[in-house]
Amino acid sequence: MRLQQDLLEQDQLAQDQLDRASREGGAMRRAACPGSYDPPTRGHLDIIARTARQFDQVQVLVGNNRSKTGLFTPPERVELLAEACADLPGVEVQLFDGLLVDYCREHSIDCVVKGIRVAADFDYEMQMAQMNHRMTGIETVFMPAAAQWAYVSSSLVRDIARFGGEFDQFVTPEIAARTRQKLTKD
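In the numbering used here, the protein residues as written are 102 to 287.
Take the hints with a grain of salt, since some may be wrong.
Ranges between beta-carbon positions, derived for each pair [as the list claims (entries may be wrong)]:
no.	residue 1	residue 2	range
1	Lys-286	Arg-130	39 to 49 Å
2	Glu-240	Asp-260	31 to 41 Å
3	Gly-266	Ala-128	38 to 48 Å
Simulated from the structure, these hints should not be mistaken for lab results.
Note that the structure is predicted; figures quoted are calculated from it, not measured.
Where a beta carbon is used, it is the ideal one built from N, C-alpha and C, also for glycine.
Given the sequences, and given the hints that come with them, work out the whole structure.
Structure representation (structure tokens):
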């Protein structure tokens, strides 16, 4: 219940920003939140909502990595995220294939936002951010995970779910139901 209230307050802040940008006639600030999101966790949703408060438009980009076999297909992850982000103003969910920097250039995206949980995330993401900047000049912003989600990862949620553990607190009710449904089919 508290998370829903927080998201509603964040939605209002994001809408206020969009309204202000529209009134001021300024350029739209666009950000990308790329990831695999398999499955999307409350930590992911928190980063997306916080990003939406800072930018006029946010493209949540689900990577289509053909070398990985996930629990959900990339189009299923897009659907899950689109449902979970439906009430966030300025947020769109897209499937993307190829280089992130190319997608960002083609869609006039100014900034990449990455959630950081632990030091290992930072080490990996810093290398990616520096390479992306070297290739196109795009900036990356690192957003620290909220303390209550800092230990949550999609891979841990998948493992807990596969072994029949309780994982509902880490994902939305809809995502929990779809995860259970997916696991019973496979």
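Now for the hints, and whether the structure bears them out:
no.	hint	verdict
1	Lys-286 with Arg-130: 39 to 49 Å	41 Å, holds
2	Glu-240 with Asp-260: 31 to 41 Å	34 Å, holds
3	Gly-266 with Ala-128: 38 to 48 Å	47 Å, holds
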